[in-house]
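J.: Listed below are the residues making up each chain.
There are 4 protein chains.
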Amino acid sequence: MRYWSFEAGFGYDNLVLREGDSPTPGPREVLVGMRAASLNFRDLVVLRGQHGRAVQPPLIPLSDGVGEVLAVGAAVTGFAAGDRVSPVFFQNWEGGAPPRDLEIGRLGGPLDGVLATDRVFPASGLVHVPSHLSDAEAATLPCAGLTAWSALFGEAPMRVGETLLILGTGGVALMALQLAKSAGIRTIVTTSSAEKAARVSAMGADLVIDRSVTEDWAKAARAASDGGVDRVLELGGAATLPHSIKATRVGGQIILVGNVTGNTAELFLPAILTRQMTLRSVTVGSKQGFEALNRALAAHEIHPVVGQTVAFDDAPEAFRALEAQATFGNICVQIGD
Amino acid sequence: MRYWSFEAGFGYDNLVLREGDSPTPGPREVLVGMRAASLNFRDLVVLRGQHGRAVQPPLIPLSDGVGEVLAVGAAVTGFAAGDRVSPVFFQNWEGGAPPRDLEIGRLGGPLDGVLATDRVFPASGLVHVPSHLSDAEAATLPCAGLTAWSALFGEAPMRVGETLLILGTGGVALMALQLAKSAGIRTIVTTSSAEKAARVSAMGADLVIDRSVTEDWAKAARAASDGGVDRVLELGGAATLPHSIKATRVGGQIILVGNVTGNTAELFLPAILTRQMTLRSVTVGSKQGFEALNRALAAHEIHPVVGQTVAFDDAPEAFRALEAQATFGNICVQIGD
Amino acid sequence: MRYWSFEAGFGYDNLVLREGDSPTPGPREVLVGMRAASLNFRDLVVLRGQHGRAVQPPLIPLSDGVGEVLAVGAAVTGFAAGDRVSPVFFQNWEGGAPPRDLEIGRLGGPLDGVLATDRVFPASGLVHVPSHLSDAEAATLPCAGLTAWSALFGEAPMRVGETLLILGTGGVALMALQLAKSAGIRTIVTTSSAEKAARVSAMGADLVIDRSVTEDWAKAARAASDGGVDRVLELGGAATLPHSIKATRVGGQIILVGNVTGNTAELFLPAILTRQMTLRSVTVGSKQGFEALNRALAAHEIHPVVGQTVAFDDAPEAFRALEAQATFGNICVQIGD
Amino acid sequence: MRYWSFEAGFGYDNLVLREGDSPTPGPREVLVGMRAASLNFRDLVVLRGQHGRAVQPPLIPLSDGVGEVLAVGAAVTGFAAGDRVSPVFFQNWEGGAPPRDLEIGRLGGPLDGVLATDRVFPASGLVHVPSHLSDAEAATLPCAGLTAWSALFGEAPMRVGETLLILGTGGVALMALQLAKSAGIRTIVTTSSAEKAARVSAMGADLVIDRSVTEDWAKAARAASDGGVDRVLELGGAATLPHSIKATRVGGQIILVGNVTGNTAELFLPAILTRQMTLRSVTVGSKQGFEALNRALAAHEIHPVVGQTVAFDDAPEAFRALEAQATFGNICVQIGD
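Protein chains in written order, with numbering that gives the first Met the number 0: chain A, 0 to 336; chain B, 0 to 336; chain C, 0 to 336; chain D, 0 to 336.
Rather than coming from a laboratory, the hints here were simulated on the basis of the structure.
Please note that the accuracy of each hint is not assured.
As the list claims (entries may be wrong) - Keeping only pairs whose Cα atoms sit at most 25 Å apart, straight-line, the calculated SDA-like set for lysine to any residue is:
hint	chain 1	residue 1	chain 2	residue 2
1	C	Lys180	C	Thr263
2	A	Lys218	C	Thr263
3	A	Lys180	B	Ser130
4	C	Lys218	C	Thr260
5	C	Lys218	A	Ala96
I would like the entire structure built from these sequences, with the hints used as guidance.
T.: Take a look at the structure:
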């Protein structure tokens, strides 16, 4: 097998391509031949060595991928050679409430990730993947896809006719837009350019707010929804949170997912207290959520947006492309032939 | 004002058209000029005097209707003359859990219903109605429309990609089909004839099972869904319930709404015990549900199916048409000019 | 009737005792002879004229009170003369989700409050009160009591065996402690003095942390609960929120109720993102919650803590006592004889 | 190792004591030295060969037990030699919704059970057990204990001050009584004799109805609760269900757990339709529920009732004792020394 690994430390210089023996699955394990991987913002945090003490080299990066079952252990049921599968982001969260030791089960750090030709996973950490998806499309699901699902339909599912405000046009945002549309949820999307605005309009957003034109996007979103939106997919962080609160109705929810604009937000308490808001953080989701996402994608033949695909041997280029923030859609790595 | 009333007793012979003074709204009340009404199966039960001791003549029948605000009391906020409104089926259930004295708040028995030119309601018992609907369409919402909404999106909302089995093609069934479709829910509908099958197919049902052809519809529904449907809209009753159970997946829900095929069902307990099923009865729903329904209808410009409209002076004909069960869609009464 | 009212403006100077005619209830209304009232921190905000534009003089202050039904309107069911009742804090929130115009229904501003000998309320805005309570005790329920209930058992009820961290020993905090104890929930309470610590220990708190001794109370709370507490009753605000987050387990909830230590909190997003926390704001609660609270109080004969009672004619003294923050327990006003 | 096994078929004649090699745990597995087991009604169904085609000999019986970790596989975290643990009833249900293939994961059929000195389980199928319990007490938790927990606090947790009606005094019923009491839930228990009535009264039941004296127990239960009980723990089945419905309030829940009085119940639909009831079947519960149960038991030092303990070599006597229905409390088998 071949795999990319942070060896002596983090950063591009320490990300090296290695070869080794292919692992053998134990009685409850599955050997997967990886076919594609996909990058998330978190993978940059890992690359930069900023993920905290729990994530240490040596480490195979990337949580999101898809592959084909090559072999199964003796006690495995439900999977057979040839099945196309994805590993679950949290290998220790099947459903219900997140376990207290959630962080130790994360692929791509602290657990080895999917940027490898061969990987062994416990059978309990795999799901089947919808057949209408390409490998690159399927590779985007474990983190970006599931995060969007959990934000909309995890705890407290949105209902048809409600309004969702989506901040930005990253991988989670685009998947949320597609899912919301399939579920009859009204969508308002903020973007930073006319070009991106045109893209998300074409994808069916009910209202697109170009922040380069409409500075007070929160006011615009509130005006376009009866007393405020029902939910915000808060992918911004420190700079956007106060505005997201302003855009939300009494009793509404703000789903905290990202913090790309900064870690420390100022929270004006009276604004959320008098309006009975809930700020709920969503970190990816459970295996059951992944399976539900897959059923929805299959039912509506939704294709995640793949913006760029890089060859396995050029994997570092995928990290650089993500840093450049110029790609509309997910950035993937083709692993198989 | 003019109104139909069961006077000396129930039955067609006792349903008479009367005239009287138009009522004056109190400080927290609203005078509504009714424009249309719609019939439900329950209205036949009332007509037949089978609704139990709590429902007694004299009684203005029918729970479902729409009208225009003619005057408001001094303490009323939120409504003004000219607004188009519908009364809420349960005048005493705003949201949350149903109150313990739920039954006393029901329009069309024990409370006077809407088959009248003028009616006064407390402001708390009214909602605004979507503007894209005709009067007859809007008249179908308070009971039939809201029942469908509550079954799908009340407690425990369905999620995009799940599968719903709908029994039959009555008013609740058709609205459930339309709502499910707008929400990305897969639908399986059972019907009794090829003609109705063609109608619901045209409305977008994903699978239609003609019971006159496919006797074991439960098996067919189960085969068409991964291990059983997620939810059944159980509009049949005694004759269909055992089959509905068979069609449902582990952990699935059967929503009990009607009992047109009989009151006493045989319930084979091991079938629901080993499969962790929930049988949940839904009786219409709350005012908050009605408002949520209206938002969904407006967002997707859904038009309830009106099969037949009868003039106010011919209102008994509407009851007879419902008894005949030959109309596809709701049977309405035009009240205004 | 006699009543206290902010007349020309807010502040002690404008709070005057007046006399007027007793009001007459409309058809759906109830005349209540008030017997006692109770003060909350919010009433100080109103006194100081800091509640925002919606709250304007003239205004009868105070939301929390209890009284006796003197007369009922013609259409009223469920209440009769002689019943002991409390008005609901939000006169427009019966149950379920809060309405979008929630703020207009608040007693004690913008609606007239209970610091009066006679008040008329719509029947829908009243509840019966447990008989084991004194008038002063019952008067504390509408805001302080219900807030504690909603925080623990509203949306997402706590379960026996879970751990609750309560910040401080105000009226909401003490009621939460009593309710938690009756429900088998482990409690950790922070206080500012050894004396208060002794009081809450005597009331049954499982662990009391005296902040004057243990500076890092969040660490202590976390150490005393398996990986963090399940829920925090966050009554502090800006100064305490970051610590509350630190004390909470993966997937835990922080209930935002107050902001006595400041309005603008710094929110370190990674702390809540990686631990999947929910920050849920609770503003009092609905009428259904009030009824559920009352059932729990009655079942366990819980008596809210009344720290001080002031005569009706001396009502301004109650505001001053609250400002002094020296009373352990609620500050009440005796209205009847 | 030694183990009891149904070999050639089911029934007492086929239940034989065997010896074999102790198994070796794989990389994600744990070897447990069993210390005690406990019997449930379902184990009699298995003994009688009535459990359906999926449960076949050879089979080690019994789902409920406790033991000590003897060895762990290389990839196991969270367990170490010497830990006291119980296997989870459903080895394939960690949390959230039950999986569609739930039935294949059941201990004691189709999977081998715990009536053995040594057993290997996947680490994901084990939980730690509260230290205040004896082995026999702890052995009762996986099925009887968790069923009671799920019925009261699983989906839709009961709240302090609500009323629970418990049918009978079997293992699940007694644990439900103890849990309800610790959670401040009012309890009404039906029994068949004055002697058992005295026992459950001593355990703290708020009201005990001796069915040998009070024939219409449903009416008595309803009279003792404001308009009907909030929830029924329906352990009877066909003969009791109609009465349980009668005892329940509008919007209440009937938790279907057992069917000892018969499999086919007559369900009078109007009774549940007009009162908006939910019939929810509970089959044991998930691993997360087991952990929550354990926290509650530990917090309140609750001891399950063990009525009788039989030595490992006399295990068939435990089945006979259960058949005799003369024991108050759980019947256990001591496995270790």
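J.: If a hint holds in the structure, say so; if it doesn't, say that too.
T.: Each hint, compared with the structure:
1. C:Lys180 with C:Thr263: 32 Å, violated
2. A:Lys218 with C:Thr263: Between lysine 218 (chain A) and threonine 263 (chain C) the Cα gap is close to 21 Å, so the pair holds against 25 Å.
3. A:Lys180 with B:Ser130: Answer holds: lysine 180 (chain A) to serine 130 (chain B) is near 23 Å, not above 25 Å.
4. C:Lys218 with C:Thr260: Distance ~20 Å between lysine 218 (chain C) and threonine 260 (chain C) Cα, so the pair holds.
5. C:Lys218 with A:Ala96: Holds. Lysine 218 (chain C) to alanine 96 (chain A) sits at ~23 Å (cutoff 25 Å).
Violation of the numbered hints given earlier is confined to hint 1; every other hint is satisfied by the structure.
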